[in-house]
Every structure is written in C-alpha cells, then in structure tokens.
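Next come the chains, spelled out residue by residue.
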Amino acid sequence: MRGGDAIIKALMDKGVDTIFGYPGGTVIPFYDMLYDSDLRHILVRHEQCAAHAAEGYARASGKVGVCLATSGPGATNLVTGIANAYMDSSPLIAITGQVVSNLIGNDAFQEVDIMGITMPITKHSYQPKDANDIPSIINTSFEIASTGRCGPVLIDVPKEVQEQELDDYVLGTIPTPGYKPTVKGNSKQIAKAAKMLLEADKPFILAGGGTILSGANEEVKKLAELINAPIATTLMGKGIVDEKDDLSMGMLGMHGKQVANQNINKTDCLLAIGCRFSDRTTGKLEEFIPNAKVIHIDIDPAEIGKNVAVDLPIVGDAKIVLNQLIKELEAKPSDKNAWLKSIVEFKKSTIPRVSYDDIPLKPQQVIKEIANSITEDTIVTTDVGLHQMWAAHFLDISKPRKFISSGGLGTMGFGFPAAIGAKVACPDDAVLAIVGDGGFLMVSQELATIKEYDIPVVIAMLNNRKLGMVYQWQNKMYNQRYSQTDMGSTPDFVKLAESYGINAVRVEEVGKTQEILSKALKDNEAILVDITVEKNEFIPMFPPGGGINDLLGEYKYESDVELSKDSQHAEGGE
Amino acid sequence: MSEKSHVISTLVEHKPGVLQNVASLLNRRGFNIDSITVGTSEVEGLARMVFVVKGDEKVLEQVIKQLHKLVDVVKIKDLDPDYVLKRELCLVKVKTTREKSRSEIIEYADIFKAKIIDVCDDFITMEVTGNPEKIDSFLRLLKPFGIKKIARTGPTAIARGHH
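So the sequences go chain by chain: A and B. Every number in the numbering used here is 3 more than the matching position in the first sequence, counting from 1. Here the numbering used here is used: position 157 in the second sequence is 152, and no number is missing along the way.
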C-alpha cells in the first residue's frame, strides 16, 4: 500500500463515500490509485466548487465533507471555500497535493505555501513527511474538524509521499495535547442560568448555527416552552425550530423579521446559544439589548464576550448544555406567559407580505411560490445577495440542516455547488438552490458536473440583471449612483443550461414558478428556472453601523393584500 | 483603554510552523508583539514560548482565548507582574577608541556583572543578563562611549515560587 492508497483507505474507514476534487500535476499519483478504488469522486469544473460542494455535503448530512485539489493554483482555488467553511464552522477536510519534498521552498512549478496561506482560515493543518503517518493524520483531522467548534482541516501531501510504500496501515492518532474542547456545561453556571431565566419577565432566545451543528433542535424548542420565550435565529440558525411555529420569530438582523428586530430590545434576559453576535445580527452594539442580562452558551470560549458583554457564560455543546438546563427547569417551569403572548400577537399582526401580482414578478411572490413548492424535507441552499435575504426573510424553514447558506464569509457562487454536495449527501431529499444571476454566473460551469453525474439539483434563479444587494445599497445610501452593478449582457440562461444538456425554463408570470418547481422537485429532475424579477424591489434593512431598530425601507403586511380573483386563481391558493 | 505590557508564557508543540501561527494570530487580532523567545521546555516535544505584548485587557482576553484554539498550543499563562522573574541576554559591542575608555567600561561591566567575551583594538564586546530594565541602564551608561552593535534576546520569564 502506498501513500495515496492510504489516503483513500483512511477516508473510507472514516465513513466517507464521496469526495469532490480536480486533478493536477502533484496529485496524479493519488488519482492513479483512486482509479482502482471504490471511493466515489465527483469531478467538479473548478476547485472552488469542490470545497463548496464538500461543505454542502457536510452541512446537509452532518458528516465531514472532503475536497481535494492539486498544488499551486488548485490549492489556492480552494481557499475561498476553506474560508467559507471556517467562518460558518463547517467540518471540512481539504487535501492538497504538494511538490516533492526536496523542491519545497525552491519556487518549484505549481508550488505555493498553502499551509501558510490557509493558516488563518483552518482549525489545523498537516503535511505528512512519511506515508506511514497518513492514516493517523486523516483520523486526527476528522476528529479536529468535527468536534468542538467544527471547522476545516488542511492536509498537504507532497507528491513523493503519495507514492511511498507504507510499512503498515495503522489508523492511529496524532497526539494533540492542546486540543480539549469543553462539551459539558459547568453545573453551577447552569443553576444560575435557570434562576436568571425564571426571574426574567421577558426572556428571549437567540439561536445560531451552533445549535444546528449540535443537533439541538428538540432541546431549543423544549427550553423555549419551559420558559415561555420566543426564539429568533441568526441566518445560520434558520430551521432549528419550525419557523411556522408560534414560538419562532424568524431571522434577526440587518434584514431580519420585524417581530424579531423590534422585540429583542425589550427583553430583560437574552439566552444566546451557539451564535457569535456578528455585526449583521446585532447592528450597533450600543443600541443592542440595552436592558438585558445576557446568558451565552457556546462551545468556543473565544466567542463569549467577544462582541457582546455577557453576564453568564456557559462553555459547552449546545445540545448537552440545554439538556442540563432543561433538567434544572423541568421541575419548576415558568408560569409567566404574558410576554410570549404579546410577541405571538405581534407576529400574527405583522405577517410579511408575500402576495403580489405585479409583472415583472416581485421577489416576495417568487419566494411564496417556492415555499408552496417545497416540503419540509426539501434542502434549500442559497447563494449570496439580495435573493439570499429574500429567502432568509420570507421562506419558512421547518427542520435543521434544510437551509444551507453562506453566512459569515458571504461567498457569491456558494449556493449552486453547495446544492450539488447536499444532493450527493442526501440523494433521497429534494434539493433546491436559490441563486441570483450574478452569483450563478460565477459557478455556472458546474452545470456540466450535474449533467455528468446525473445530480438532479433544481435551480431557482432570481434574475434581476443586477448585483442586487450592492444595487440596493447604491439606491439607499449612494444617491442612486449605480456603479458597476448592472450585469449588462447576461447570457441567455435557458440556452446556457441547454448547451450543458440541462433543462431550463424562463418564467415571467405569476404562478409559473410554483408549477415548474413543484413538478421538478417531485420528479427529481435537474432544471434551471430563470425567473425574471423586479430590480427595484428592496428588502427592509438597518443601515451598516446603524442600530437594530433603524429602518431603511418599510415593512409590508400580508393582511393588506387584496388580490384580484385572476391572480388568486393562477396561484392555486395556499 | 489602558495599554499594559503583559508577559504571556505558553507551552507549545515543538514543531515547524507553530511560531508563525502564534505570531500571525497575535498580529491578526491587533496585538503588538514586543518580543518573543522560544526554547525547549521541561517536557519533551514541547517548547516554551514567552512573549511580551502590549494591549488592553479586553483584547488580551480575546487573544488568550484565540491562542487556546490553536491545536499546537498546549498551555497559556498570563504571568502576574508581581510574581514574574524576567531575564534577558544582551550582547553589546562598544568603542574603546577614546583614552581610558576601556578601563571605565570594565568598571561598569563589573558593577553590572557583565562578562567580557571579546576584545580588539577598537572594541570591547560584553554579555550581560538580567531583567530588561537592568540591561537598559547598562546600555544607557555605555552610550557615551559609542555603541557599535546591540543584540538582545528579549526577555524570557518564569513565575516565582509556587505561582
């Protein structure tokens, strides 16, 4: 057995069924050994998409995603995907080829110091010098990537190490004395938290991506019921509770729901779980939750107190800590419910308007039709931009791991390859990528991948022929000076998809999106749906640097809608 | 925010890339490093890395937490300034061209327990160890003679007694 075989065997021993990659000079030995193996390899059309697909695979399945590229440009093309996984704490293993060891440092052909380049965006990295270490390095990399606060690990394998014969294949471990994540909450802190939550009159829960990673969906809901608290989420926390549930306030933040943004500042006790209080979530910190005591549960101690001052820190895994907390509270749940009742009433009176019969289509109407075409088991991925915020704001997600979006890094081009990875991980679930025309064009070459491997991803593209998010900022804050945000000569996306052998339809009328998506998702067929949407429809926001209640734009309500009979007919009702 | 000087003592895995990783983390998080010293420790395979940094308490807390996240960093201690023993090594080459310079310099060296390690026609080279303030004073006294070169290690440190 040689080094490359050891990589393949170790990956398979760790339960990996598929990797995403792209060959090149320094990984030819690996690919030669892959040729005879049972490990499935998806050949993407750009290395960045290998990383995004691996992340989509990880986030949909809860397993570790694996991507592989050659040295030099192959490795640097992975960087954006690795950074994305780092910011969103996704378990990812990135394997890169490296030039032969005796050339390292000589500026050899296709040599870059990828360990150095990725140091700030990986949890850890290894460069095996001896093929005998490969199984243990892979084993330990899986441990590091998928425990504690999850994240990417890079393994940089020099070419000759891939070819070196192993003496013995031993799936051991590399000692990591400095790595001991705390998973169980301190019991004294738990007791204090229970007391604070019971004393509070207006408790509020903010759940982030950490709750999804920890699988704490039942616990979050149970706890909210025990203390009668509403639950808002960050973008990364979407789906931790069914957003159709009375307890759910939807997403908080710059483009958050009115009920979440306008009520969080009234809380006297905020329970934040697995979130990092990013500027897009809190707005101006001085104006965020001015009267609240803050309890912060996070597996990463560095997140506690980083942005928001915390009264009670609890380091630990969300699911474990919440179970400890539930045990404390079960005997004596809260008997106060006036606060929650008022919030639920607020929610019911501010249901955002999604019904429109305008042409060009309003994005809200498109999201409504998407909502009507998916089930609670459909995996929705999004790209980054205005369409992402339309989806995050208006699309109710019912289960964890069913909403996969680029949160922290905000990577345009993430949505489509992530959907490919999600579909590969969960072939029995329908997968829908909601993308914009700008981001899709960055990764459209992956249409070849879904054709080649018959990966039936449904793509709903909200096409406004603009870089919509920047366009909105230019409209609201830069005096309508639309510098470089018009996409001008966009391709004919229908023809583009068809040239790859993928079905495509252009949609310009009300009701059609729902009809086409419902059929495609049900029939498990790949299709690109190019939906022409209104470019001058903007989503309410607080301005950057503004407080959470500073509103740019206006909220509109579904209760104000009086649709004509015709359009009601076309939509088929809800 | 007050910017205080802190001595952070860490135990790290003794392998390539660790120094780069720690230094780049400090830099990224907005901490200025005054000095770093690295050497083997009492545990085989682990090195002790001591650095002196300036920054406010909140940033320091964040930096220590971030350092904990590095897999190669095993232990971190912000040494209590009241109980810290700091020592630094300094090599200094001084001109002896002026009349009587050499004898005066040797006199100062005696007082500061500096060791003369090389002498030639125009220069005298000494090594001196001690806490950084002591070295500062020694160098101040030598300045009028004309200092040709200084090489300082930066302080390494250890906690006093049972601390």
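Hints are computed from structural coordinates only; laboratory data are not their basis. For clarity, every value in this text was computed on a predicted model and none was experimentally measured. From the three backbone atoms N, C-alpha and C, an ideal C-beta is built for every residue, glycine too. Some clues are possibly wrong.
[What the hints assert, rightly or not] Cross-link-like lysine-lysine pairs, in silico, PhoX-like; alpha carbons within 20 Å at most:
| no. | chain 1 | residue 1 | chain 2 | residue 2 |
| --- | --- | --- | --- | --- |
| 1 | A | Lys287 | B | Lys53 |
| 2 | A | Lys538 | A | Lys522 |
| 3 | A | Lys309 | B | Lys88 |
[Said to hold, decoys possible] Taking beta-carbon pairs under 7 Å as the criterion, some of the chain A residues facing chain B (in silico):
| no. | residue |
| --- | --- |
| 4 | Pro123 |
| 5 | Pro184 |
| 6 | Phe291 |
| 7 | Ile362 |
Each hint tested on the structure:
1. Lys287/A with Lys53/B: Status holds; Cα separation ~19 Å.
2. Lys538/A with Lys522/A: Violated. Lys538/A to Lys522/A sits at ~27 Å, over the 20 Å cutoff.
3. Lys309/A with Lys88/B: violated (47 Å)
4. Pro123: holds (6 Å)
5. Pro184: This interface hint is violated because 10 Å lies over the 7 Å limit.
6. Phe291: Given a least distance of 17 Å, the restraint on Phe291/A is violated.
7. Ile362: Violated, about 49 Å.
Figure legend: structure checked against the earlier numbered hints; hints not met, in rising order: 2, 3, 5, 6, 7.
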